[in-house]
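With chain A fixed as given, assemble chain B with the ligand onto it according to the hints.
If you read the sequences in order, they're chains A and B. The numbering of the first sequence is numbering that gives the first Met the number 0, which starts it at 0 and goes up by one. The numbering of the second sequence is numbering that gives the first Met the number 0, which starts it at 0 and goes up by one.
Keep in mind the hints are simulated off the structure, nothing from the lab. Treat the hints with caution; some may be incorrect.
DSS-like cross-link-like pairs, simulated, lysine-lysine; straight-line CA separation at most 27 Å [said to hold, decoys possible]:
1) B:K382 x A:K85
2) B:K382 x B:K408
3) A:K48 x B:K229
4) A:K31 x B:K7
5) B:K235 x A:K31
6) A:K145 x B:K42
7) A:K158 x B:K152
8) B:K42 x A:K51
9) A:K130 x A:K35
10) B:K7 x B:K235
11) B:K51 x A:K157
12) B:K7 x A:K157
13) A:K130 x A:K145
14) A:K35 x B:K382
15) A:K85 x A:K157
16) B:K152 x A:K157
17) A:K85 x B:K51
18) B:K408 x B:K318
19) B:K42 x A:K35
20) A:K31 x A:K135
21) B:K152 x A:K145
22) A:K8 x A:K51
23) A:K145 x A:K158
24) A:K85 x B:K152
25) A:K135 x B:K152
26) B:K148 x A:K158
27) A:K145 x B:K382
28) A:K135 x A:K8
29) A:K158 x B:K42
30) A:K85 x B:K257
31) A:K8 x B:K382
32) B:K51 x A:K145
33) B:K257 x A:K157
34) A:K158 x B:K51
Derived list of chain B stretches under chain A, where covered just means 3 residues or more per stretch with a C-beta under 8 Å from a C-beta of chain A [claimed, not checked]:
35) 31–43
36) 198–210
37) 379–386
Just so you have them, the derived chain B footprint on chain A, three or more residues with Cβ under 8 Å [to be verified]:
38) 8–21
39) 60–69
40) 78–89
The structure displayed is predicted, hence computed values, not measured ones. Each residue gets a CB set at the ideal place from its N, CA and C atoms; glycine is no exception.
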Amino acid sequence: MDLKGKVHKFGDDVNTDYIISGRHKFKTLDMKELAKYVMEDLDPDFYSKVEKGDFIVGGRNFGCGSSREQAPLAIINADISAVIAKSFARIFYRNCINTGLPVIECDTDQIDEGDELEINLGAGVLHNRTKNIDIKIAPLPGVMLKILSEGGLVEHFKKHGTFNFD
Amino acid sequence: MGKTIAEKILSRKSGQDVRSGDIVIADLDFIMGQDGTSPLAIKAFSEMQATKVFDPSRVAMVIDHSAPSPLEGVSELHQQMRVFAGEQGINFYDIGDGVCHQLMPEQGHVVPGDLVIGADSHTCTYGAINVFSTGVGSTDLAAGLIAGKLWFKVPETFKFILNGTLPAGVFSKDLILYLIGDVTADGATYMAAEYVGEAIEALSIEGRFTISNMAIEMGAKCGLMQADQKTVEWVKVHSQKETHITNPDPDAVYAKVKEYDVSNLEPQVARPHTVDNVAPISQVAGTPVQQGVIGTCTNGRIEDLRNAARILKGRKINKDTRLIVAPASRQIMLQAMREGLLQIFVEAGAAVVTPGCGPCVGTHNGVPSDGENVISTANRNFKGRMGNNRAFVYLGSPATVAASVLQGKITDPREYLL
Ligand code: SF4
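For reference, chain B alone in the conformation it holds in the complex:
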């Protein structure tokens, strides 16, 4: 009987032949914490009476959630991270470097076949390059920092077969929103998701990250993809680390399999206040929006900025609407600068802010006011998510956000692209 990607990686990293349902202690290849979770992990680390992390080269901490610090209390927590990083000699990314989930693959810390934990729920992002990566809390992070290992329940796998070709103006964000709407917010709870098929193969690695990033929004532990030629080439450019490409056996056993044809998919929008409250754009077009956000670990990559800039170029956003753009990393911001994209955004009327989480999580950089509607490229639209529980957050692709801020209402981007 064959194995899934999850079973294979956890078998190799635990040195045992394991199947879904088994509980294992497995070696970690990389450990990441961000500024919302690391301070508690550092506290747990010292409460556990540890003095040294197991391997500083395999640990990174990132200040991205409140970067630069908007408050005295936050500054204090940031300082604790800087001190810890300095003492331990770990990899450290400070304000302006970018969102943790962009930095981990971009800076070459994670490669195919790796087992990775991050104290952030969207750690599942790196599944797009064949990494078993999953979010944990601060105490698990501290345990990982000390032991270099963590216990895992080997998950069952939910396989999504995605056939066909995405139509023009429809992006990987639309695809993953559609899937979440279909299986709902707990459709893959406790499971690994595996995304396969020609629609996935046709995507760039950037487009694939968007899909794996949102695996957690269907409850999944990780959002895995096979490594193909594109993966190998992308990883080669970003990392020197040895890879262990791990593709599933043809006779692997899946807990669930669902097959889709994406050829007629419309742009999709998640409506307030849950990510699985998804509708095709035709049903929500015309809803007024006061703020747009382009960025985050879901859709702040160069391809996303290009897609938005194509629509915004030479145009002005609606006078009653604001637009915030936060590139996902310093490298992406530099690239966007070189390509003239930032110029396009600023001329269109956008506020371009520091690479980082920005307004995604309500800490700063664009908290909406009461009753306002926001259209964002982020991955969550929970009530209060952006810092105001009387605001309404819609989620869509960068193209959908760009088209919507031009008109001041939710707008099908194909009006500008086709």
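Next comes chain A alone, as it looks inside the complex:
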């Protein structure tokens, strides 16, 4: 999987209420509609700035807070191709894999707003084109890689009918 795009940078502890606020998420299952409000409390213009394939980059503990899967789904529907952070909250991390949104753990201090990145997930390489540096990324456990490569947990179940990691 090759990903290319520019960076939208946020800080530490970006919680799921910031990703998609509770006041929107209970209203509808229309994720295209919810996508318009992604990151709204941190940056009201976020949705209009995103171009297809862009990245959200955070600091520590990205996605903390609630278990709402609307968070990764709204991010996907805002045309973000991956979320990159120093560390992730556990439920959000799982939800991203399950919904097919790549999550990348690495040192994000060397990534700034507007930087152009290229990521090869299979090879485990993140290249910051703007700064011309390679950043090491933490490998995903096999189980997660399998779910992600099949397009998420729904596809995994469609294919196997149950969990199948053999």
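Coordinates of chain B with the ligand only, in the frame set by chain A:
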């Protein structure tokens, strides 16, 4: 080498001898979804081409987050849940029954030694009665509904040893806020927390729920406690299910251990906009508040209502302050009625609302206006959490909220209790 509670429960439920770091597929004892997460799970369930849940008696869905429905769109989602529950024959709790995390233990669905998932991050609450319970998203929930199993990474454990006795006017909420402030919002990420020691043993089961409920606010996967005589007696009253009490081995291996003496703890308050932005009440006392909230899965239990009522009895809340009270379940509301607590709240000037999440998550029932300060017994104070990102949410114990709404400013409850 011994095992932690988490390692023991996941070993038993996966039929393997596992240690932290292992990845297992384990059998689930119970699965829960609420109205913010179930509709997506139902959608994923049908996309996965499933027709039947693995065991309807081991599944519950709860309408609590927006109950009763404030909007047409929400009503539609609620209806999808009712239809699904009817077709599948699962346990179902409708508006007014209560908050999911109160109902699961109260209605006897979860007992010591169980492995439980819930599509809600505060599913860790049942750790207080020795249940390995953890929050998942809607797709994991759907997979669980179909397979009766889920994959888990066996977590490392962070052990909190809590010595001493909590002083009068200081509650389990103050203790857990203090711990979160100390280890911060990601201090236990990917780990199970185990809370032990005489300060935990001295707490009622209700007080213990408050602590396990907030384990997620330090990033933990679950907030486990050992089962003692109190646990056994409490569970016996609420459930007929067979229990598998699971206490850690004396030589269990912990990733981290921290020891505290709670004897001099002051009431604690979490300041906007993060739960780990905690201060002793002496540092925030005097901050004006326009709204108080008593309720939620953290502190909406009968003991919490009693603690608040003790302070509010015969008094009136400040004229520039509002108070919202939401008992955590129908049973608690009935009990509060019998004890005259609701009368005390209403006479003091409170608005008592439907058992459920109420104003906790900003869907309805008390969205603050711009620039307002709220003091709440909930577990989160994120910006926008209560539905307005220009409001400021402080978190404290039910006693702290009660004292604060009387004065219209954050107030040390010990002024009324000692
Ligand atoms: S009371 Fe609040 S924290 Fe608890 S389940 Fe409801 S919304 Fe979540």
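(message) What's the verdict on K42 of chain B and K35 of chain A, does the C-alpha distance respect the 27 Å limit or exceed it?
(response) Since the Cα atoms of K42 of chain B and K35 of chain A sit roughly 21 Å apart, the hinted pair holds (cutoff 27 Å).
(request) Could you grab the alpha-carbon distance between K145 of chain A and K42 of chain B and see if it respects the 27 Å cut-off? (result) The given pair, whose Cα atoms are some 22 Å apart, holds under the 27 Å limit.
(request) Take a quick look at whether K148 of chain B and K158 of chain A sit within 27 Å of each other, Cα to Cα. (result) holds, 17 Å
(message) With the threshold set at 27 Å, check whether the alpha-carbon distance from K85 of chain A to K152 of chain B stays at or below it.
(response) Roughly 20 Å separates the two Cα atoms, so the pair holds.
(request) Sort out whether K31 of chain A lies within 27 Å of K235 of chain B, counting only the CA atoms. (result) violated, 48 Å
(request) Measure nothing beyond the straight line between the CA atoms of K85 of chain A and K257 of chain B; if it is 27 Å or shorter, mark the hint as holding. (result) Given pair K85 of chain A, K257 of chain B holds - Cα atoms ~25 Å apart, limit 27 Å.
(request) Verify the proposed pairing of K85 of chain A with K51 of chain B, using a straight-line Cα cut of 27 Å. (result) Cα-Cα ~40 Å, so violated.
(request) Given the hint that K42 of chain B pairs with K51 of chain A, test it: the Cα-Cα distance must not exceed 27 Å. (result) holds, 26 Å
(request) Given the hint that K152 of chain B pairs with K145 of chain A, test it: the Cα-Cα distance must not exceed 27 Å. (result) Measuring from Cα to Cα gives roughly 15 Å; hence the hint holds.
(request) Verify the proposed pairing of K7 of chain B with K235 of chain B, using a straight-line Cα cut of 27 Å. (result) With a Cα-Cα distance of about 22 Å, the restraint between K7 of chain B and K235 of chain B holds, given a limit of 27 Å.
(request) With a cut-off of 27 Å on the C-alpha distance, tell me whether K8 of chain A and K382 of chain B pass. (result) Holds, because 19 Å separates the two Cα atoms, which is no more than 27 Å.
(request) For the pair supplied as a hint, K31 of chain A and K135 of chain A, confirm whether the alpha-carbon distance does not exceed 27 Å. (result) Given pair K31 of chain A, K135 of chain A is violated - Cα atoms ~33 Å apart, limit 27 Å.
Consistency with the previously given hints fails for numbers 3, 4, 5, 9, 12, 13, 15, 17, 20, 27, 33 and 36, ordered from lowest to highest.
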